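Asker: Take a look at the letters that make up each chain.
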Amino acid sequence: MIPAMKESVAAWLTESQAQELAVYLLGNVPGLPPIAQSFHILGIAVVMSSTVMINLRLLGLAVPSQNVSEMIGRLMPWTWWALLVNATTGLLFVVARPNRYFYNPVFSWKFLCLVPAVLLALVIYRMSKREPGYWEQSTRRLVSARVIASISLVLWVGVVLAGRWIAYSDYLYFLYE
Amino acid sequence: MNEESSVPFTAFWTWLETLPLSEHIGFTWWFPFLESLHVLGVGLVVGSILMVDLRLLGRTALSVPASRMRRELVHWTWPAFALAVVTGTGLFMTRAGTYIANPAFQFKLLCLLLAGMNMAWFQFRTLRSVGAWDTAAVPPPAARVAGLASLALWIGVIFAGRWVGHII
Chain E
419 MIPAMKESVA AWLTESQAQE LAVYLLGNVP GLPPIAQSFH ILGIAVVMSS
469 TVMINLRLLG LAVPSQNVSE MIGRLMPWTW WALLVNATTG LLFVVARPNR
519 YFYNPVFSWK FLCLVPAVLL ALVIYRMSKR EPGYWEQSTR RLVSARVIAS
569 ISLVLWVGVV LAGRWIAYSD YLYFLYE
Chain D
8 MNEESSVPFT AFWTWLETLP LSEHIGFTWW FPFLESLHVL GVGLVVGSIL
58 MVDLRLLGRT ALSVPASRMR RELVHWTWPA FALAVVTGTG LFMTRAGTYI
108 ANPAFQFKLL CLLLAGMNMA WFQFRTLRSV GAWDTAAVPP PAARVAGLAS
158 LALWIGVIFA GRWVGHII
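Chains E and D, in that order, give the protein sequences.
Heads up: the first sequence begins at 419 in the working numbering, then just goes up one per residue.
Heads up: the second sequence begins at 8 in the working numbering, then just goes up one per residue.
Source of the hints: derived by calculation from the structure; they are not laboratory data.
Don't take every hint at face value.
Beta-carbon label-pair distances, calculated as ranges [as the list claims (entries may be wrong)]:
#1 E/P495 with D/H173: 28 to 34 angstroms
#2 E/G478 with D/L69: 41 to 47 angstroms
#3 E/I420 with D/W128: 50 to 56 angstroms
#4 E/L502 with D/V81: 45 to 51 angstroms
#5 E/M423 with D/G123: 48 to 54 angstroms
#6 D/R78 with E/F529: 35 to 41 angstroms
#7 E/N446 with D/R135: 50 to 56 angstroms
#8 E/L590 with D/I174: 43 to 49 angstroms
#9 E/S483 with D/H31: 32 to 38 angstroms
#10 D/T35 with E/P534: 28 to 34 angstroms
#11 D/G33 with E/I420: 57 to 63 angstroms
#12 D/L26 with E/S483: 24 to 30 angstroms
Chain E stretches covered by chain D per the calculated footprint, using a threshold of three residues with CB under 8 angstroms from any CB of chain D [what the hints assert, rightly or not]:
#13 478-485
#14 518-527
#15 583-591
Anything over 10 angstroms on all C-beta distances counts as not near chain D; from chain E, calculated [as the list claims (entries may be wrong)]:
#16 M423
#17 S426
#18 L443
#19 V447
#20 R492
#21 W498
#22 A505
#23 T506
#24 G508
#25 V533
#26 P534
#27 L537
#28 T557
#29 R559
#30 V578
Quick caveat: nothing in here was measured; it's all calculated off a predicted structure.
Where a beta carbon is used, it is the ideal one built from N, C-alpha and C, also for glycine.
Whole structure, please, built from the sequences with the hints as guidance.
Answerer: Structure follows, in structure tokens:
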């Protein structure tokens with residue numbers, strides 16, 4: 419079902435005016451491709467310093483003196499804004515060349531990491547918002563938070579690595595052919 | 008393009024490029040592998056520094072003392088920086104002469120140098136008086152200037168770094 423959906427979205431985008439516009443912008447606005455990519459990397463840096471740092475804190479690996487709930491309230495808005503910036507800058511390239519991304523398995527891996535990573539970040543955020551100190555109120559909750567944090571960290575690393583490998587997916591094919 | 012001739016130490020860059028290790032990186036999956044780790048390292052370096060800079064500017068985390076923010080985050084900055092340097096050197100080796108002649112690469116090195124000098128100045132001069140302003144919401148001008156300069160320089164590193172690949 420998903421491959422068929424991807425195919426129709428890719429086909430629809432390829433024919434769309436949005437695709438024409440993205441191609442025009444990337445080709446005619448001086449420096450737009452590296453500028454958009456730089457904002458994308460800057461967004462990654464902000465994700466690292468917000469949701470990733472919270473995960474490291476939950477595992478006791480970073481900023482031990484900072485309070486978990488306070489950190490979540492202070493830093494998670496940065497994550498959401500960074501994700502918005504990265505979605506916008508990323509979409510520019512995806513819309514311009516839908517087939518390059520929708521038929522690229524590494525692009526799929528990136529999203530297989532990204533979607534659960536964002537959902538787990540939402541869980542951490544929502545519970546802490548609803549009840550400050552939620553994750554530290556019992557050993558059971560702290561253990562759950564640590565499990566979520568560990569999985570999230572692996573997923574975020576996966577997002578970053580896969581993101582860079584999208585441009586090199588051919589290497590993987592040659593490797594395993 | 009014969010850009011290499013315009014930079015000094017041409018022989019050295021050529022030697023570096025023709026090392027078996029450089030050629031191995033350049034012609035195998037090692038290049039994208041190192042590059043992806045480089046992005047991870049850069050993300051952590053700039054992310055951790057960003058948090059300290061914004062605290063120094065008096066913009067966020069006002070309840071956290073500035074010196075503690077710096078001390079706790081630098082534990083992540085240095086290992087991440089080491090990762091970025093090692094992977095970056097691996098990438099650089101593959102086309103050393105071309106990178107050295109690349110204006111974006113030169114600008115990146117300049118930003119890194121200035122960011123390092125700014126950090127050293129802050130740590131050995133400005134931070135000496137931290138006792139007087141550690142818990143202040145807005146640190147004194149010297150600390151704010153250091154934070155702003157650091158922010159600008161690291162954003163410069165990211166832009167220049169991403170631009171390198173668009174010039175070659």
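Asker: Enumerate the violated hints, using their earlier numbering and listing them in ascending order.
Answerer: Hints 2, 4, 8, 9, 11, 12, 14, 20, 30 contradicted; others consistent.
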